[in-house]
Amino acid sequence: MIMLEIKGLNVAYDKVQVLWDVSFNINEGEIVTLLGSNGAGKSTTVKTIQGLLKSRSGSIRFMDKSIGGLPAYKVVAAGISLVPEGREIFPKMSVLENLILGAYVPRARAKDLRDESLDWVFKLFPKLEERKKQLAGTMSGGEQQMLAIARALMSKPKLLMLDEPSLGLAPVLVLQVFDIIKKLNEEGVTILLVEQNVHHALGLSDRAYVLEKGRTILEGKGFELLSDKYVKEAYLGM
Amino acid sequence: MKLDRINIKTGIGIVSLILAFIVPVILGINQYLLTVLIITLVFIIYSSAWNLLALSGQASLGHAAFFGIGGYVSAIITNSLGLPPIVAIFVGGFFAAFIGILIGFTCIRMREWFLAMVTFGFAIIAHTITTELPWLTGGWDGIPAKRLISVTITNYIMYEYYIMLLIAVAVVVIIYQLTKSRMGLALEAIRENELEAKVMGINVTKYKLMAFAVSAFFTGIAGALEIHHFGYITPEVYGMDISFWPIIYSISGGLFTIGGPILGTIVITFIWEILRTFGLMYERFILIGVILILIVIFLPRGLVSIPEKIKRSHP
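Protein chains in written order, with the working numbering: chain A, 148 to 385; chain B, 5 to 319.
Please keep in mind that the hints were generated in silico from the structure rather than gathered at the bench. Glycine included, C-beta positions come from ideal geometry on N, C-alpha and C. Watch out, some of these pointers could steer you wrong.
[To be verified] Which chain B residues stay away from chain A? Per the calculated CB distances, all over 10 Å, these:
id: 1; residue: T14
id: 2; residue: I16
id: 3; residue: I26
id: 4; residue: L31
id: 5; residue: Q35
id: 6; residue: P88
id: 7; residue: Y163
id: 8; residue: F234
id: 9; residue: M285
[Unchecked claim] Facing chain B, from chain A, some residues (calculated, C-beta under 10 Å):
id: 10; residue: Q164
id: 11; residue: A219
id: 12; residue: V223
id: 13; residue: L229
id: 14; residue: F237
id: 15; residue: L248
id: 16; residue: A250
id: 17; residue: Y251
id: 18; residue: R254
id: 19; residue: R298
id: 20; residue: A299
My request is simple: use the sequences and hints to build the entire structure.
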């Protein structure tokens, strides 16, 4: 069943158009990766889905409802959560306050629901429970990334979008992040992953789309794209 | 450790509240002292309101606009409709809140300096409109405003003081409750990282406007209280100094805290008055400036952070 359907999406920053007729879809329960080099429009795509940017034309449908043009808070309420690029957290708030903010939407804010979500994310990230009173900004980069993911989960998303979650992390932490993504998917969360770490991302994904200069140019199963001649040349340097 | 710090703070709060209530009893009905205290209370309301807006990451350099609008509306309707000042101040507050929402709309997409400049310009516009409507506002000469308590009543100044005190306490309690509510959490998140706040599902536009409205409402009430105390209003209420005092009080007391604007207003006002009794009418501007610089350098989190600072240096 198609969960998210993007059709003919055109997005521009003032006069500079960055997305041209982008179309793709995500089925319920899948992990889908958006690949592409810097400036290909990957972040623009997820920001537009989340409602942080407005599209010129095109449609975005989520669970059979149009969400194109909705403000971000309504998109979150509909069940889409974004972990933005660069571990954006609230540095001067405690880990717990960060997580509570994650459960801000009406769907997740009731106290018992929130406690349930807290238990869930603490089980996924035991480190965060140890540090729940610490100021978020004083944690290491890897822990901040874990917090950013945990916080996005607090809204109980049906679709979780992660924008370059492995960026700037040590290799061992990169593996941890991908493990977590896999585990979340097994627990029923559908995932849209934006990655430059092509090898890991494709190994994990059910399907992937390749964006270039704002257009979707390739689509395929994760492992198929790994052996695709174009992907090999452009992203794996082979 | 956190618990006893909270207890110390509530303790200080309760003691000062009791002191505030018994001051006229202990010191007698001292016209000068009570006048100073009344103005202090007005500015406690005003600074707390300014600080609430700052909490949402929106720093206003033109809050005198709301202070003046609240004052003028309240004065005009008491004069023309005969409403008692104690009711009219709320009408003034609501009008200021309405204007606050309009200004808020123009400021939604602006940040920091741009926002500050828009609010600054707005205070100038409010000043100009007021002086250009002499049939309504009395132009440069201003208009009389009914006293909150008629001066013919014995000890009117004491009653005035208690009314101001009750309103100030109510405003501070309301603002405290707001900052502890979901709205407070949302405002803090918006200040720290607006993009993230959006991604968390917070309706950023709504909360920014709410902060503007509530802040302007209480600022309007403060302005109305002041002019009903003085008995007249002139365009001077839009002065740049009126815009800057709440900023000075909040920063010296402690930005984004509840106690900060209160403590800052009390301490700076009293230094200000003491300097006057020494005959330093103009020199005191320099001294206050120096005090401010020292506070910002040595106590960046304001006077409210002194207890923590002492504790840290004498563990």
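Right, here's what the structure says about each hint:
1. In this structure T14 of chain B is separated from chain A by more than 10 Å, as the shortest Cβ-Cβ distance comes to about 21 Å.
2. The Cβ of I16 of chain B lies farther than 10 Å from every Cβ of chain A, with a closest approach of about 25 Å, so its non-interface assignment holds.
3. The non-interface label for I26 of chain B is consistent with chain A: the shortest C-beta to C-beta separation is roughly 39 Å, beyond 10 Å.
4. Under the 10 Å C-beta cut-off, the non-interface status given to L31 of chain B relative to chain A holds; the minimum distance is some 42 Å.
5. No Cβ of chain A approaches the Cβ of Q35 of chain B within 10 Å, the least distance being about 46 Å, so the stated non-interface status holds.
6. Consistency note on P88 of chain B: stated as away from chain A, and its beta-carbon is indeed over 10 Å from all of that chain's, at 42 Å minimum.
7. Non-interface call for Y163 of chain B relative to chain A: holds, since the shortest CB-CB distance, roughly 44 Å, exceeds 10 Å.
8. The claim that F234 of chain B is not at the interface with chain A holds, since no C-beta of that chain comes within 10 Å of its own (minimum 41 Å).
9. The non-interface label for M285 of chain B is consistent with chain A: the shortest C-beta to C-beta separation is roughly 41 Å, beyond 10 Å.
10. At its closest, the beta carbon of Q164 of chain A sits 22 Å from a beta carbon of chain B; the interface hint therefore is violated under the 10 Å criterion.
11. A distance limit of 10 Å between C-beta atoms decides the matter here; for A219 of chain A the minimum to chain B is near 4 Å, and the interface restraint holds.
12. The closest approach between the C-beta of V223 of chain A and any C-beta of chain B is roughly 3 Å, which is under the 10 Å cut-off, so the hint is satisfied.
13. This hint holds: L229 of chain A has a C-beta 5 Å from the nearest C-beta of chain B, less than the 10 Å allowed.
14. Against a cut-off of 10 Å between C-beta atoms, the interface hint on F237 of chain A holds, since the closest Cβ of chain B lies about 5 Å away.
15. Satisfaction of the interface hint for L248 of chain A is found here, the shortest Cβ-Cβ separation to chain B being roughly 5 Å, below the 10 Å cut-off.
16. Satisfaction of the interface hint for A250 of chain A is found here, the shortest Cβ-Cβ separation to chain B being roughly 9 Å, below the 10 Å cut-off.
17. For the restraint placing Y251 of chain A at the interface with chain B, the shortest Cβ-Cβ distance is roughly 5 Å, inside the 10 Å limit, so the hint holds.
18. A distance limit of 10 Å between C-beta atoms decides the matter here; for R254 of chain A the minimum to chain B is near 9 Å, and the interface restraint holds.
19. Taking 10 Å as the C-beta cut-off, the interface hint given for R298 of chain A holds, the closest approach to chain B being about 7 Å.
20. Hint status for A299 of chain A relative to chain B: holds, with the closest Cβ pair at about 8 Å, below 10 Å.
Figure legend: structure checked against the earlier numbered hints; the only hint not met is number 10.
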